[in-house]
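Participant: Sequence:
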Amino acid sequence: MWRIFSILLYFLFPSQSSAQFYSEGLSVIDFENKIEWFRCTLGQSFNLDTEKCDGNPVKLNHDEISIAIEQANEQLGGDWRLPTRAELETLICKQCDAPKIDLRYFPGTQSEPYWTGQKNWISPKNFWSVNFMTGDTYGRFFPQQRLLVMIVRDR
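So for the sequence shown, my numbering puts the first residue at 1; every next one is plus one.
Do not rely on the hints blindly, as some may be mistaken.
Subject to a maximum C-alpha distance of 25 Å in a straight line, what follows is the list of computed PhoX-like cross-link-like pairs (lysine-lysine) [as the list claims (entries may be wrong)]:
1. 59 / 119
2. 100 / 59
3. 119 / 34
4. 94 / 34
5. 52 / 94
6. 125 / 59
7. 34 / 100
8. 100 / 119
Since the hints were derived computationally from the structure, they do not count as laboratory data.
Can you make the complete structure from the sequences, with help from the hints?
Facilitator: This is how it looks when you write it as structure tokens:
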């Protein structure tokens with residue numbers, strides 16, 4: 001029943017959805033990748049009244065991310081995780097000004113690099129990141145460095 005309602009909303013209110021994404025409260029459903037994004041950068045919370053992210057984003061290293069994901073799983077339910085490089089790259093909006101993301105869906109995104117959970121196969125000590133200032137992907141950050149974080153879970 002909920003899926004039918006979601007599909008109807010998609011056709012009735014196209015400004016709140018696209019072929020790939022549908023915003024649903026605290027999260028955004030990605031139909032193509034069958035995943036669900038938390039709408040705000042870690043450290044922020046989504047305000048349902050203003051449809052904006054409140055608070056300050058927090059930069060974390062990979063050890064701190066593990067703790068934050070544990071907390072997200074307890075507080076939000078589910079199995080949250082870091083996105084893969086490919087998943088995070090699907091959020092890049094090439095025609096958008098910085099930040100290079102559709103702010104209707106992800107209003108708290110900063111014009112900075114965000115972690116993925118994927119190691120760089122060329123330089124295995126480093127992890128991939130996606131920079132929403134430029135829309136480019138880099139594999140040069142060490143896990144002890146602090147970057148911004150978005151989380152995702154499978155649907």
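Participant: Are the hints correct? Go through all of them and say.
Facilitator: Each hint, compared with the structure:
1. The hinted pair formed by residue 59 and residue 119 meets the criterion: a straight-line CA distance of about 18 Å does not exceed 25 Å.
2. A distance of roughly 19 Å separates the Cα atoms of residue 100 and residue 59; the hinted pair therefore holds under the 25 Å criterion.
3. For the hint pairing residue 119 with residue 34, the CA-to-CA distance comes to about 22 Å; that is within 25 Å, so the pair holds.
4. A C-alpha spacing of about 22 Å is found between residue 94 and residue 34, which places the hinted pair at or below 25 Å, so the restraint holds.
5. Annotation: proposed proximity of residue 52 to residue 94 holds, straight-line Cα distance about 22 Å (limit 25 Å).
6. Note on residue 125 and residue 59: the hinted pairing holds, with a Cα-Cα distance of about 19 Å set against a maximum of 25 Å.
7. Taking the CA atoms of residue 34 and residue 100, the gap is about 22 Å. The hint holds against a cut of 25 Å.
8. Restraint check: the Cα-Cα separation between residue 100 and residue 119 comes to about 23 Å, which is no more than 25 Å; the hinted pair holds.
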